[in-house]
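Engineer: One-letter residues, chain by chain:
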Amino acid sequence: MRAITLIARDELRLMRRNRVAVIAFALLVLLTLAAALISWSHQSGIAETRTRFQAQAAEAFEAQPDRHPHRMAHFGNFIFRPLPPLAAFDPGVDAFTGNSIFLEGHRQNSANFGDVRQSSLLVRFGQLTPAFVLQVIAPLLLIFLGYGAVARERERGTLRQMLVQGVSARALVMGKLLALALVAALVGLPALIAFLLIAGQPGALAGPMAVIALGYGAYLALWSIIVILVSALVRRGRDALLALLALWAVLVILLPRVAPDIAAQAHSLPTRLETDIAIQQDLHRLGDAHNPDDPFFNAFKQKVLRRYGVDKVEDLPVNYNGLLAVEGEKLTSGLFDHYADRSFAIQQAQSRLTDGFGIISPAISLRQLSMAAAGTDLAGHRRFLAQAEAYRFAMVQHLNQLQADAVSYADDKAKDAGADQRKRISADHWQSIPQFRFIAPTAGDLVTASLPGLGLLLAWLALALLALLPVARHLQKARP
Amino acid sequence: MTLLTHELRLLLRSRMALLALLLVALLAIASVAAGMTEVARQRAVIARIQPKQAQDIAAVAQWAGKTQDPGNAAYYSFHATWDAPAPLAFVALGLRDVAPYILRVRALGLEAQLYDGEAFNPELALPGRFDFAFVLVYLTPLFVIALIHDLVSGEREAGRLRMLDALAGSGRHLWARRVLLRGGLLFLTLALPVSIGASLSHVPLLPLLAVLGLVALYLAFWIGVTLLVGRLRWSSVTNAATLAGLWLLLTLLLPTIAHVAINRAIPVGQGVELTLAQREAVNRAWDIPREQTMQAFYAGHPEWKDSPPLGHAFHWKWYFAFHQVGDESVAPKANAYRHGIEARDAAARSVGWLLPSVGVQALLARLADTDMQAQLAYQDRIRAFHTRLRNYYYAYLFTDKPFGQVDFEGAPRFDDM
Chain Z
1 MRAITLIARD
11 ELRLMRRNRV
21 AVIAFALLVL
31 LTLAAALISW
41 SHQSGIAETR
51 TRFQAQAAEA
61 FEAQPDRHPH
71 RMAHFGNFIF
81 RPLPPLAAFD
91 PGVDAFTGNS
101 IFLEGHRQNS
111 ANFGDVRQSS
121 LLVRFGQLTP
131 AFVLQVIAPL
141 LLIFLGYGAV
151 ARERERGTLR
161 QMLVQGVSAR
171 ALVMGKLLAL
181 ALVAALVGLP
191 ALIAFLLIAG
201 QPGALAGPMA
211 VIALGYGAYL
221 ALWSIIVILV
231 SALVRRGRDA
241 LLALLALWAV
251 LVILLPRVAP
261 DIAAQAHSLP
271 TRLETDIAIQ
281 QDLHRLGDAH
291 NPDDPFFNAF
301 KQKVLRRYGV
311 DKVEDLPVNY
321 NGLLAVEGEK
331 LTSGLFDHYA
341 DRSFAIQQAQ
351 SRLTDGFGII
361 SPAISLRQLS
371 MAAAGTDLAG
381 HRRFLAQAEA
391 YRFAMVQHLN
401 QLQADAVSYA
411 DDKAKDAGAD
421 QRKRISADHW
431 QSIPQFRFIA
441 PTAGDLVTAS
451 LPGLGLLLAW
461 LALALLALLP
471 VARHLQKARP
Chain Y
1 MTLLTHELRL
11 LLRSRMALLA
21 LLLVALLAIA
31 SVAAGMTEVA
41 RQRAVIARIQ
51 PKQAQDIAAV
61 AQWAGKTQDP
71 GNAAYYSFHA
81 TWDAPAPLAF
91 VALGLRDVAP
101 YILRVRALGL
111 EAQLYDGEAF
121 NPELALPGRF
131 DFAFVLVYLT
141 PLFVIALIHD
151 LVSGEREAGR
161 LRMLDALAGS
171 GRHLWARRVL
181 LRGGLLFLTL
191 ALPVSIGASL
201 SHVPLLPLLA
211 VLGLVALYLA
221 FWIGVTLLVG
231 RLRWSSVTNA
241 ATLAGLWLLL
251 TLLLPTIAHV
261 AINRAIPVGQ
271 GVELTLAQRE
281 AVNRAWDIPR
291 EQTMQAFYAG
301 HPEWKDSPPL
311 GHAFHWKWYF
321 AFHQVGDESV
331 APKANAYRHG
341 IEARDAAARS
351 VGWLLPSVGV
361 QALLARLADT
371 DMQAQLAYQD
381 RIRAFHTRLR
391 NYYYAYLFTD
401 KPFGQVDFEG
411 APRFDDM
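Protein chains in written order, with the numbering used here: chain Z, 1 to 480; chain Y, 1 to 417.
You can take every hint at face value.
Computed beta-carbon distance windows for the label pairs:
#1 Z:His106 x Y:Pro289: 24 to 34 Å
#2 Y:Thr399 x Z:Gln281: 27 to 37 Å
#3 Y:Pro302 x Z:Lys301: 40 to 50 Å
#4 Z:Ala440 x Y:Pro289: 38 to 48 Å
#5 Z:Ala199 x Y:Arg156: 45 to 55 Å
#6 Z:His474 x Y:Leu8: 34 to 44 Å
#7 Y:Arg156 x Z:Thr158: 16 to 26 Å
#8 Z:Ala3 x Y:Asp165: 43 to 53 Å
#9 Y:Ser14 x Z:His474: 20 to 30 Å
#10 Z:Lys477 x Y:Arg13: 27 to 37 Å
#11 Z:Ile359 x Y:Lys66: 51 to 61 Å
Just so you know, the hints here were simulated from the structure itself, not pulled from any lab data. For every residue, glycine included, the Cβ atom is placed at its ideal position computed from N, Cα and C.
Pulled out of the complex, with its shape left as it was, chain Z reads as follows (with noise of 0.2 Å):
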């Protein structure tokens, strides 16, 4: 043990001597905070803007005249997302997706305004966040620090020498992985810095906040040992570093953009026009609106009427034309929900072939489990989708119903002049309805949706760990 902090103490006091390792080491702190900064009121900004539309939506929702309800449906409502606390430290796909979506009757829209539409063609290089320099330039810092901590003392001969004296390969490879490790600890301080200030934001949770701490450490501690392990392999420091930044090359940069690809070309997704035509195709077979004679409404027709105990639409009590727009709403918005189901089945099969990926690269695992504890995954934007989707269905159906209560038929048929007033009702309706409140996810669902990629990163750590006795008994030889 005394052999091990030892030899880590000596590394250590070697790296703070190489003036290149200090100034690299303290410019990756300085960009982790700036980083952080840059992040945070970049998030914050974007917050701030959607609160203020959201509530600009809202009030112009309520302050809209008496109307006939129906118009109101068509008049809409603005929903934005909201951004979860940590989406300053991963913001995820939030630049992607669209934040706004405009919800109206029997119609679904996507969400649009995506920054990445807004935005010059930099926002492909990467986004300058703290997860960004986390999983990108930490593990380059690492290399370069590390490369040499074992092949330096074999090209140096020094190696042999340590053997000899009686310390053994795997005190001298355990002292030198601590020495990186700790540095790895050094460099993932400026990130906790910033996390903790996030965790005073409210809405922050402990548990996806435990993961994410747990996770870039386990992440940081593999490329420690990955760097230790390449270093103790190769004949040649230089060797070493070509290997270690061609493996990074390969792991970090290479492989998270060609798992996309594949997955894209193994699941399809059909176009919105195709399902636009799908779903109207769908309706069309359903039940023709248009139609007089169409088999399902007659029968709807006839359903309402026994409900009633009357003979025409005209004796029933209430506005036939609203029963009608509520039926027709739930016909639509169940065929919206199942198109919806189907384009997010095939999204979700893509997303599982890039995580899968993760067994070669721990890059992408821990992108992923980065990305689903922080909320800002594909699943975070689907919550969002759906929660929208259900506020949607239930304002329109509001609207609808108000529309067969409080509208008569009589009015609503009418074409003469002063119809289009008797059509219209109290404008006190549109301001009862209550505004969208997302519903964010609890501790436990971002938790279990991180965990493919936590186990990922952990099986990939034990693996590592292991391979390290080999490699301590494989030096060992070194000796005369």
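Keeping the supplied structure of chain Z fixed, place chain Y upon it in accordance with the hints.
Structural biologist: Just chain Y, lined up with the frame of chain Z:
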């Protein structure tokens, strides 16, 4: 020449050099293949929607044609627009994975339709696509560094430097020969796949030459940087570390910092502001006297002002008029939104003068017609098409001319553009 073949033999005998060149070739081929597959897929999607679109219009024509009402025809007919990938699109897929290349519009207010997104998985778009531009901009510098960083220092460390310098005649040109050989081989491994891809995609010669020129220039930049660092007489390892640091700075860090700075410096009046205003303008029409809307409409479109006055009953021409008036009332906002995006794009391109990585990426996307400008040009084509659509239906609406089944076939088509 014999000297060059000798050098080539020397270079290829080094296992690492051979491996590096093979890897570049493999990556370049894979990226060209991936790009071409994606472009082919997009073309297939565009082809696939045509019969479905025709079927959809036929279904609308079947019942709306019976009513003869041009309002029904205009309201229920969605018209497809599409943005076919340019022949060079496989080189840099640009924004084509996140911006729609198919959009359906109808003759109603365009501002509520123009910004609709396509269904795509944001997790796939997040890391960016694996295309030739990626291999060139991000990965090639790493190979340049791997092949050239120890050109001189490696010989020094092997103890051969003095001898090589002392060699009469060949010594002077030795380094130039070695650099040219490495650069040339790298260029070939990149240029061949892209040229083959281009000839398969029927790319004209000039744009292809421009791409090859960019490849050569970008390689030259990185070779120059590597040689400059090599002149500092550091060890091979220090050279490699310094160059990798520079690479990180130029391709990853500075562009992301520039992105934050540009978005800060040029605020884009949020697109959603525009949609909120448009919705207000359109829906207000239900609460103001209808004549007021018609006057506003006729002021901008006097060609229809002789249309018969409105009666008490609902008339579609009023409905379409207030949608158009709504669009016109937010035109300044729409312009400002677009100018904001253009300004950001221009700023990013000027960053390209300082950062070769950004410059090459931007130029490749421009040549491939997949950048923001291409997106905006597509929006312009949609606008022009939408104007034709409106005018086509107006001719029926404002003259109360019945709209029969055959008239559906006469509607403007996007490919007539």
